[in-house]
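Visitor: Listed below, chain by chain, are the residues.
There are 2 protein chains.
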Amino acid sequence: MTPDFDVLFSHNRFKGEAFLDELRGNKPLFILTIATTETGKIAGISAAGKYPEFTDYTPPADAELLQLGKCKCINGVPVTPDGIPTPALIAMSALRLADIPVLVCSGGSKVKPQLPFLDLGGNPGRDIRTGSAVDNVKEVFDRAVIAGENLAKVTDYLVIGESIPGGTTTALGVLSALGVKARGKVSSSMPENPHDLKDAAVSAGLAAAGESFGSLRADPVRAVTCVGDPMMPAFAGLVVGAAGQIPVLMAGGTQMTAVLAVVNALNPDVLCNVAIGTTRWVVNDSSSDIRGIVEQIADVPVLAADLDFSSSKFEGLKAYERGIVKEGVGAGGASIAAIGSTEGAINKEMLLTEIERNYALLMGLK
Amino acid sequence: MTPDFDVLFSHNRFKGEAFLDELRGNKPLFILTIATTETGKIAGISAAGKYPEFTDYTPPADAELLQLGKCKCINGVPVTPDGIPTPALIAMSALRLADIPVLVCSGGSKVKPQLPFLDLGGNPGRDIRTGSAVDNVKEVFDRAVIAGENLAKVTDYLVIGESIPGGTTTALGVLSALGVKARGKVSSSMPENPHDLKDAAVSAGLAAAGESFGSLRADPVRAVTCVGDPMMPAFAGLVVGAAGQIPVLMAGGTQMTAVLAVVNALNPDVLCNVAIGTTRWVVNDSSSDIRGIVEQIADVPVLAADLDFSSSKFEGLKAYERGIVKEGVGAGGASIAAIGSTEGAINKEMLLTEIERNYALLMGLK
Chain A
1268 MTPDFDVLFS HNRFKGEAFL DELRGNKPLF ILTIATTETG KIAGISAAGK
1318 YPEFTDYTPP ADAELLQLGK CKCINGVPVT PDGIPTPALI AMSALRLADI
1368 PVLVCSGGSK VKPQLPFLDL GGNPGRDIRT GSAVDNVKEV FDRAVIAGEN
1418 LAKVTDYLVI GESIPGGTTT ALGVLSALGV KARGKVSSSM PENPHDLKDA
1468 AVSAGLAAAG ESFGSLRADP VRAVTCVGDP MMPAFAGLVV GAAGQIPVLM
1518 AGGTQMTAVL AVVNALNPDV LCNVAIGTTR WVVNDSSSDI RGIVEQIADV
1568 PVLAADLDFS SSKFEGLKAY ERGIVKEGVG AGGASIAAIG STEGAINKEM
1618 LLTEIERNYA LLMGLK
Chain B
1268 MTPDFDVLFS HNRFKGEAFL DELRGNKPLF ILTIATTETG KIAGISAAGK
1318 YPEFTDYTPP ADAELLQLGK CKCINGVPVT PDGIPTPALI AMSALRLADI
1368 PVLVCSGGSK VKPQLPFLDL GGNPGRDIRT GSAVDNVKEV FDRAVIAGEN
1418 LAKVTDYLVI GESIPGGTTT ALGVLSALGV KARGKVSSSM PENPHDLKDA
1468 AVSAGLAAAG ESFGSLRADP VRAVTCVGDP MMPAFAGLVV GAAGQIPVLM
1518 AGGTQMTAVL AVVNALNPDV LCNVAIGTTR WVVNDSSSDI RGIVEQIADV
1568 PVLAADLDFS SSKFEGLKAY ERGIVKEGVG AGGASIAAIG STEGAINKEM
1618 LLTEIERNYA LLMGLK
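Chains as they are written, first to last, in the numbering used here: chain A, 1268 to 1633; chain B, 1268 to 1633.
Treat each hint with caution, since some may be false.
Copies of the same chain are indistinguishable here, so a pair counts whether it falls within one copy or spans any two.
What the hints assert, rightly or not - Here are the simulated lysine to aspartate or glutamate pairs, EDC-like style, with alpha carbons at most 20 angstroms apart:
no., residue 1, residue 2
1, 1585, 1566
2, 1379, 1402
3, 1337, 1416
4, 1339, 1423
5, 1339, 1271
6, 1294, 1416
No wet-lab data here; the hints were simulated from the structure.
In isolation and in its complexed conformation, chain A is listed as follows (with noise of 0.2 angstroms):
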């Protein structure tokens, strides 16, 4: 039982507390897995940046501001259209405050972030319209699987995250092929979630394929070549290779079901070392349903970290509270590892406290 830590359990209560439980004490490595496609500039469909091809440089950004606290190939910090900062602010503060080392693996990105990376061999993913929208899956997820085998050796456990423009479309589009249901399910990073738009690109994408919905539930790879994001491969993989030996906490909203329905779908027997770890405003949105999509995958605990901005001084922070942004970069997780490795030392309060000093800092506030 661990009923002081600030973390809320959504889903599966028995076995995420048996999953916070092996986090207690141990140290882990956080890898943030990035990646940019067309599908992020879609009209309407990302917040992650102010013109669609700023998204190329979100992905790197985030990867610069959680490794370096500070961003290289951009000015200033990645910001929703209504200047709301990326949450990579809210990972990196739980990361720095616990200590906890950072990776950054590419799993296919148009800019380079310009600090040390993995690089799995991927390239920039296509719009899913085209039915085309990944290479390299397989490769790239058999190279990624070598990694997590190999990075499972020296770390206690694993937490990954993900940054990606448009990564729920693309999240909807695999789950779809898989046979998921997950149309007006999943996230969004802003406050009116674009359901329409996401459907329709899926359908455009599954029909430019010559699949449709559960056609590809045999076919993972297939579903993610033709209608996913290079991140799934990279992600999946890093899962497949770790899990076998060591817990994997798979940090970040939505997103997440595509890349466990890939995982269930070609090695299930690693899901008993992983779960879900997301922020309490993915758990609590209206306008998505977590739970409603894992139940219908496997079994696997959904964690949420107990973050609230409600009392923030900073206007740019409480607007986490009215469900923008809500999750990315693996805030979630991140603020979940921070809390588990600390057996709780770390908790929310400490969290924004540090969270709102690099927010100030980062925008130049006082």
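Fit chain B to the supplied structure of chain A, relying on the hints for placement.
Guide: Frame of chain A; chain B shown alone:
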């Protein structure tokens, strides 16, 4: 005291024993740092490939053999002109016996290895006779420092090896630029050490750069830029990043002295946590003098795996006793790590048996 381990203390026995003691029972990560150069293609300089153009494939092929147990970018395995197999065979056997994980890191490789590798933003090296051999030295170094700092938080100690054809020539270049007397002292993978060819290339490179012996004593970044290779900033940065926190075994022959000189010039404080780990064939080599170089630079121990192939049933392995190949791909350091991590449970007889087994498998012998 560790009297029953198959490790020789070639230089600075007292510190060497203390260092080995720190490895006992602990779990390392092995990093292979690869790069390619045009220097490696100068006729007569390197035994790393039968034909000069083949040297572009040696480092990625070594990386694949080490991590995957077989090469992907070439058929078979890298061999000398006489058909003697790459020392990656030794390193791979040692690491697999001791279940030591591997991470490949590229300082700049013309041919990419077909596996996950850490990209540090470097480019392949030019011929040092141009006097302008390596791009982005400071940037690659800085990125490697970040990788070293982060990886040091998950592993007990690091073992870092290299694969770069022509590496002793670029080592002589950087040592000379830094004012270390290394003429006639660097090793060779060939039985007849072509000291004159190496000297001529280095002299031409220094002259082309407008530099001379010792003129870059205070500027190691420029020394590598002018007459070094892209493995060096990657390797040196990893050492500087990690050795502030954990022991680092620099796994290699006389090339390690050039990296040591760079680290010593940039951040000598970390050297209290550093040792060189090589093979008996290097420390007993009459055509080179690793101790004579090290003692000009810093007071670090030199350990040597007491490998002995004289009783091998294979001529291709017996050849190592005649001074062919000697070291590379961290063969000596990987063997020391396997011995140390298992508290001597792995010894030189077990290593030879495993090396012979893998040799037979890879060469299709019985």
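Visitor: With reference to the structure, classify each hint as holding or not holding.
Guide: Taking the hints in turn, this is what the structure says about them:
1. 1585 - 1566: neither (33 angstroms within a copy, 56 angstroms between copies)
2. 1379 - 1402: So residue 1379 and residue 1402 pass the 20 angstroms test inside a copy (18 angstroms) and across (17 angstroms) alike.
3. 1337 - 1416: Answer is between; shortest inter-copy Cα gap is 17 angstroms, intra-copy 30 angstroms.
4. 1339 - 1423: Neither: 31 angstroms inside a copy, 31 angstroms across copies.
5. 1339 - 1271: Neither. Shortest intra-copy (38 angstroms) and inter-copy (51 angstroms) distances fail the 20 angstroms Cα cut-off.
6. 1294 - 1416: Both ways: residue 1294 and residue 1416 sit 17 angstroms apart in one copy and 15 angstroms across, limit 20 angstroms.
Checked against the numbered hints given earlier, this structure breaks hints 1, 4, 5; the rest are met.
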